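Undergrad: Quick mapping for you: the protein sequence lines, in order, are chains A and B. Counting from 1, one number per residue, gives the positions in the first sequence under the numbering used here. Counting from 297, one number per residue, gives the positions in the second sequence under the numbering used here.
It is worth saying that the hints were derived from the structure and are not from the lab. Quick caveat, the model's predicted, so the values are computed rather than measured. You can trust all of the hints, since none of them are fake.
Partner residues are not named here, just some residues of chain B that face chain A (Cβ under 7 Å, in silico):
| # | residue |
| --- | --- |
| 1 | 301 |
| 2 | 322 |
| 3 | 382 |
| 4 | 385 |
| 5 | 386 |
| 6 | 387 |
| 7 | 389 |
| 8 | 390 |
| 9 | 398 |
| 10 | 401 |
| 11 | 411 |
| 12 | 419 |
| 13 | 521 |
| 14 | 524 |
Rough simulated footprint, nothing fancy, chain A against chain B, three-plus residues with beta-carbon under 8 Å:
| # | stretch |
| --- | --- |
| 15 | 308-314 |
| 16 | 541-553 |
Built from N, CA and C at the ideal position, the CB exists for glycine as well.
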Amino acid sequence: MSVTAAGLRDRLQNGELRGLLVAPIVLFDLLVFVVPFGYLLRISLTERTQRGAFVEGSWSIEAFQYVLSTPTLIDSFLFTLWFAAGVTALSLGISLLYAYAIWRAAGGLRVALLGGVLVSMLTAIVVKLFAVQQLFAPNGVINQGILATGVIQEPLALINSAAGAVIGQLYIVVPYSVLAIYSVLSSVDESLLDAARDLGAGRLRAVVEVIIPHTIPGLIVAGVISFTWSVGSFAAPLLAGSSAERTTGIAISDLLQQNFDWAAAAAMGLLVATTVFVALAVTYGLLSYTGGGTDG
Amino acid sequence: MGNTDRALRWLFRAGYGTVFLLLVAPVVVVTATSLSATTAVTFPPTDLSFRWYTTLFTQRVWMQAVQNSLLTAGGTAVFSTGLGVAGALGARHLSDRSQIAVSGLVLVPLLVPGVVLGVSLLIFFSRFGLQQRLSTIVLAHALWATPLTFSVMRATFSRFDWQLQEAAMDLGASRLRAFREVVVPNTVSGLVAAAAIAFVVSLQEFIMALFLSGRETRTIPVESWFALRGSLSPLVSVASTLLVGAVVLTLIIAATAIGLERVADDT
Chain A
1 MSVTAAGLRD RLQNGELRGL LVAPIVLFDL LVFVVPFGYL LRISLTERTQ
51 RGAFVEGSWS IEAFQYVLST PTLIDSFLFT LWFAAGVTAL SLGISLLYAY
101 AIWRAAGGLR VALLGGVLVS MLTAIVVKLF AVQQLFAPNG VINQGILATG
151 VIQEPLALIN SAAGAVIGQL YIVVPYSVLA IYSVLSSVDE SLLDAARDLG
201 AGRLRAVVEV IIPHTIPGLI VAGVISFTWS VGSFAAPLLA GSSAERTTGI
251 AISDLLQQNF DWAAAAAMGL LVATTVFVAL AVTYGLLSYT GGGTDG
Chain B
297 MGNTDRALRW LFRAGYGTVF LLLVAPVVVV TATSLSATTA VTFPPTDLSF
347 RWYTTLFTQR VWMQAVQNSL LTAGGTAVFS TGLGVAGALG ARHLSDRSQI
397 AVSGLVLVPL LVPGVVLGVS LLIFFSRFGL QQRLSTIVLA HALWATPLTF
447 SVMRATFSRF DWQLQEAAMD LGASRLRAFR EVVVPNTVSG LVAAAAIAFV
497 VSLQEFIMAL FLSGRETRTI PVESWFALRG SLSPLVSVAS TLLVGAVVLT
547 LIIAATAIGL ERVADDT
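The shape of chain A in the complex, shown without the other chains:
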């Protein structure tokens, strides 16, 4: 025993076992991520019960059957996919416009526009949603501003509605989306734009045909951020949406804490995780495809 301990100390002293320093981080992720996730999978395969959260030691696919045959849960899953797709489309449009503006701006304006993104990233989600409630309320500054222009007669339902849920979620994803696009755009040579215009392309056509193709890797990353975060959305639809915007995240939380149906909550959680991983796998495929395409 003492021989091996001394030998071990020698090897440590000589730095042969330095690779072992990854052990704590690996152990941490195994114990706090992989094992709990495996446990979630195990719980999703137990029998559901009225008495208690799940039936210990039982095996059943009842929870998955329940999730896939309950209309409210299917509806919430389908709604979440639509919601995530809509948020992603809007996020890409807004972020592309804004990232392009940062790219074209110079000096102080560029710093200010980048600063705006940074400020938003440093504002906690709860804080942003709280502000959304104030800003977009029927008597908030935005509705009052639009009313004053005379375009509308009644305040728009910008919170406690589907629009509110989308606005809230955009507040969460857009800053990250902008940075993803800008980081790619910043390496594109601005003279490309001038060249296209010298050759007679209009401003819009130059951007669409010359600049956007260069930003595709950034757009893909921005898209995956927007989509995966929205698939797991919980806070924005709950605080800025109405009761009609029930995402899977909200459904899981209700199953867990109100119905105390852990098996079904676990099954639903795995459904969300699977959706995210499928989206990531598809993106990874796309990324390596376009990555190969733009190299040439």
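Following the hints, complete the assembly by docking chain B onto the known chain A.
TA: Frame of chain A; chain B shown alone:
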């Protein structure tokens, strides 16, 4: 220049101008409403006062939340930075394939929605009767903070000239002493940045904290969440303003330690 071009340009300016205003609006709104002189949360506020700031400091629940947030964020910073430093040092000595496997494992939790992680950890920790504790919230936050500290430290160590350590050892320093006196002083800026980023991640996170906390262990974002769902008072604005302030302060510390550009690059 054609008329359509000019119109397009103004439309473009109006577009990014609006996005800019919307991005910075939340901070303006919470700061302004935190200075409300009345019990109403109205933007823009009519009269200004600091009365809600003084009120916050007399409220037990909010003081508890401030304390919980600081403990959680501090714990997460120390824990994830420790894991990140050790992991980054170790990863240098692994084969390429093992390095990719370790990075992959460390990175995956960042891609899993907070709701799923929260549910998974709540079910798991409940099994051992460990729910509603700050330590479990720290572990949860470390799942998101560790990938960032790990990558910051890997970038930091890859910039360090390891021959300096060899030189110190050739001059008779033990491995540990060479590390303490040569490696640490030269990489301390990366260390500070990693800890600050972990601190900020924990300070802002609330979905996992919402699932894992109990009445006594709510952090500022969780307490604000419950306040938002109940009756609204300018106290939420005060707590939010303090939260934003704490985040900005932490990142200023990180930025001066490492240079802002590298904070963005390394993460």
